Amino acid sequence: MSVRIVSRPIIYAILIAFSLFFLMPVYLMFITSIKPLDQITLSQMWELPKAIDFTSYKEAYQKLAPNFLNSIYLVIPATILSALLGSLNGYVLSKWKFRGADWIFTAVLFGMFIPYQSILIPLIQFLREIELYNSIPGLVLVHVVYGIPITTLMFRNFYATVPTEMIESAQMDGAGFFTIFRYIMIPLSIIAFVVVGIWQFTNIWNEFLFAVTITTSEQQPIMVALQNLSGSQIVQWNVQMAGAILAALPTLLVYIFLGKFFVRGLLAGSVKG
Amino acid sequence: MEPVKASTPLEHHSKPSMMKETKRKRPLINDRVKAILCLLPSIILITIFVYGFIGWTGYVSFSNWNSLIPDFSFAGLKNYAYLFADFRFQADLRNTVFFTLFFIMAVLVAGLILAILLDQKIRAESLFRNIFFFPMALSFVVTGVVWQWVLNPSTGVNLILKEFGISPMWYTSVTIIPGIEWGKIEFGVPVAMIAVVIAAMWQMTGFSVAMYLAGLRGIPDELREAARIDGASEFKIFTKIIFPLLMPITVSVIIIMAHISLKIFDLIYAMTGPGANFVTDVPGVYMFETTFRGNYYANGAAITMIMLLSVAIFIIPYLISSRKGGS
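Protein sequences, first through last, are from chains F and X.
FYI, the numbering for the first sequence is 5 to 277, going by my numbering.
FYI, the numbering for the second sequence is 117 to 443, going by my numbering.
Next comes chain X alone, as it looks inside the complex (with noise of 0.2 angstroms):
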């Protein structure tokens, strides 16, 4: 954000006397004191809620708590251990695997492209810029109810591709590519996914317009007119300076869109549910599901964890990282 001009009285004050600079001393130290206290409440309030609440998640996830009535015996690794040999939870492996890849790689490819061209001095940018984002301001749930007719195989587009003679299954294809067994389950990329990839597309490609058109903007003209002078065609100039100074601005996208489709719950509940067979099934649905609909919340807290270490092996390095570089 820019910052804001405004000029106060207080701006144009004369440098002060050594009076005035022993004067406040004590009145500084007030106001740090002050400070402190102002964010107390915040601090607290997310040591509670955030690492208090996960530390109690976990202990949970160790936990008999299989029913109804609380059980805080200890279980050990049991919960653990029943998931990782649970078909459901191998599948939702599987699944979030190849929907954050396919989720990921899609934001970038059509986020980059979509810039580098409303970059390129069009006429009505801010039309397509506006076409691009809105989607953004919807909620999954929206989006979801909205796509699961767009995909239905039954109507929605295909009443447009049957004219072309084809017909996918969309979001209730059953088949697992190449679909070698694994475990209990067929590993491979599970067709209906795709169908919840190009949902979550639609909804979170502007996010990457944006960041990139930003990031286009960022790079200053003299760079390109430089490189073009030294007789850079025009494709090495983006490959070779423009692409690797966009650099960072796709870490934070990947970042952002992986802890997005790590977590996603509310697109995949709202769109297809677990589908047959757990074909588009994913944690955030089964720990709603066997949790809150079937008490089963040593198993919901177990879920939780592995989904949280998932994030964090993303956010925490970012995070420290970003932290380096900003101050």
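If we strip away everything but chain F, and leave its shape as in the complex, we get (with noise of 0.2 angstroms):
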């Protein structure tokens, strides 16, 4: 039995409390965004839609369109390669450590925490130099870069769960460094994989800063064509509302259909093991 300070009905009333303004912008969103042009006035805005009217979406959906595709092609490589270079990383840092390999750990967690603005300017620079500014791979390699802490600290954490004496049995049968990545820990870590994807998927997907500055116009993920939607002033904010639910559905959907792995990546990467 777990602490009983309140009554039951109270935990309940509490909670719902809670849920109420947990749900109250997403009602005010999908009621919005759903609503025929003369209902869309701001004194009416809790009120549920006379008539249901998709025009919102249409209009949302025509201009921010592109900028969804730049984001997919900007997601798809990025997480994939992220979760790559983690997994080697993290192989190497839990079961081939060398002296320092901690140190070095540490030095490279530490990318994880600075405010990307502190980087920004010189990275803006390079990526001109190597002609990779405003364009998508040039977004991909930043987020493969800066991935690299959080991906390295969940395969890490999740290798060091792989029993020593696996890897060292393989090793008298004569597999080398990556036999054992390839036939041993890959296979392994399917899970890891799924948990660092989806992390890395919602990230990518959700980042604005360095999307809002190493692209312009035609090259812009979804998030900064969401920002300019609702920072325009002749779009209506049913169209913002649509476009909301528009930019936020593919992780909404991830977190619906595989919400458990979400939240362990969620705890992994804040708690080191």
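If you're looking for bench data, these hints aren't it; they were derived computationally from the structure.
What you are looking at is a predicted structure, and each value in this text was computed from that prediction instead of being measured.
A portion of the hints provided could be inaccurate.
[Unchecked claim] Think about it this way: if two alpha-carbon atoms lie no more than 30 angstroms apart in a straight line, the pair counts; the simulated DSBU-like pairs of lysine-lysine are:
{"hint": "1", "chain 1": "F", "residue 1": "Lys54", "chain 2": "F", "residue 2": "Lys67"}
{"hint": "2", "chain 1": "X", "residue 1": "Lys194", "chain 2": "X", "residue 2": "Lys300"}
{"hint": "3", "chain 1": "F", "residue 1": "Lys264", "chain 2": "X", "residue 2": "Lys237"}
{"hint": "4", "chain 1": "F", "residue 1": "Lys54", "chain 2": "X", "residue 2": "Lys352"}
{"hint": "5", "chain 1": "X", "residue 1": "Lys237", "chain 2": "X", "residue 2": "Lys356"}
{"hint": "6", "chain 1": "X", "residue 1": "Lys150", "chain 2": "X", "residue 2": "Lys237"}
{"hint": "7", "chain 1": "X", "residue 1": "Lys150", "chain 2": "F", "residue 2": "Lys101"}
[Claimed, not checked] A few chain X positions that, by computed beta-carbon distances, are all more than 12 angstroms from chain F:
{"hint": "8", "residue": "Asn180"}
{"hint": "9", "residue": "Phe190"}
{"hint": "10", "residue": "Val213"}
{"hint": "11", "residue": "Asn274"}
{"hint": "12", "residue": "Phe280"}
{"hint": "13", "residue": "Gly281"}
{"hint": "14", "residue": "Thr291"}
Where a beta carbon is used, it is the ideal one built from N, C-alpha and C, also for glycine.
Each of the two chains sits in its own frame; use the hints to bring them together as a complex.
As structure tokens, this is what we get:
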């Protein structure tokens, strides 16, 4: 039995009150986005729609579709590459520790917490230099590099749970570094790949600072386009809401279907094993 | 993460003979070299992209590069002196302090309460959990866009609150409480920031709920039972046993939330912008506008150095202590 400080009805009352707080913006977003034009007045904000109308989605889709595609082109290679790099690093840092490996790991981890503003000016100069500024490949590179700390952390902690005897006995049988990685570690870490993949997918999809500073107009990922949509005075707020739903949909779907793994990533990213 | 149980044929082999023992020495050295070589690209990338670029930004912050054309002549502390005397930056520091304090407190308190309630073997636990967690899957930009409407003083929640005779100004308020003059600014709690704290809390409370819930589930029931047998009240069990055991989690949540709030940019940029009199401005927004809209690169670099320093104060001790604790 857990701690019993308050009675059941009070527990449910508090939980429901918080749930209403958490769901309120979703309710608002949703009902606004499906309202017909004549019902989109600020004073009727909370009222349920009298008829269902998808005009605002059509308009938001027209405005956001190219950027939505940009985000897809960005997030898929960036997620795959950073997961692969992270798994290799995690393998080395958990099973092939050398002297100073822990310090290197700590130094790498620091990269996960820095305000990215503090590397932005040289980063942009550098990307201009190698002609990847204002391009999706440039953003992929940025997300792979700055994804190294978190993906390495997650894989290292995961591989630390793989018994060392397993590696040792494989070595007895003559398996080398890459054979062990390919035939033992990777098959064992499918779950880790799912967790890391979801984590990177969500973060890269939702990222804004790199996106807004490294790309302009046509190359911009979805979040920048959404921000532009909401910043412009001529766009109706029902279109903004529909746009917000469209932009949030991929990560929301991932959460709905794979939420368990998302939460595992969340916990794994904060507690060092 | 839990270990994955899988049995490979390799596990069943018997103890190695002495011959094998000597034979595997050489390939092992070979493998060690391979391991380091595999790690090397990442080390180089991090060295350049994190440490090298930070150094470069630091260098820019001491330069005269405050126009489109790079100018790396040495300016000493000029840019820092300018910032600390600047109305906008002083306002940013004030806003960041109060935003960080209120945001962390809100996330900790709400997270702990909700986690304890969820841990009471209640019905529909996973439904509640999902309701509290899902905002974390969203972008701060989405959160900003939506809350901008929810807390818009002329519509949103005010339409409901009006029935009770209250209509807060939310993020448009320019009031600073108590508003003591200090430097160029009025010092105190910027009321407009509270609106931003509500939005940020909406997004991040799930994190502390998840952390505390994992912590609570990790405390063995026997501990509670033993205390109960000793006649401890439920309240005492919580304050004397459970809360101290959750302390490492509280520290982790504080560190993670502090580093998020000290570098916050997207939420505020999408929700309110700098605000009138810079009541909702933060260093992240100032840096973005002054560097990329105004071309004051050296000033922008100086802002980021101050941001980095404020984050490092929290993060470096945390990393070093968890390194020692971890391995």
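So, going through the hints one by one against the coordinates:
no. : hint                : verdict
1   : F:Lys54 x F:Lys67   : holds, 26 angstroms
2   : X:Lys194 x X:Lys300 : holds, 18 angstroms
3   : F:Lys264 x X:Lys237 : holds, 19 angstroms
4   : F:Lys54 x X:Lys352  : violated, 53 angstroms
5   : X:Lys237 x X:Lys356 : holds, 22 angstroms
6   : X:Lys150 x X:Lys237 : violated, 51 angstroms
7   : X:Lys150 x F:Lys101 : holds, 12 angstroms
8   : Asn180              : holds, 14 angstroms
9   : Phe190              : holds, 17 angstroms
10  : Val213              : holds, 16 angstroms
11  : Asn274              : violated, 10 angstroms
12  : Phe280              : holds, 15 angstroms
13  : Gly281              : holds, 18 angstroms
14  : Thr291              : holds, 24 angstroms
Checked against the numbered hints given earlier, the structure breaks hints 4, 6 and 11 and satisfies all the rest.
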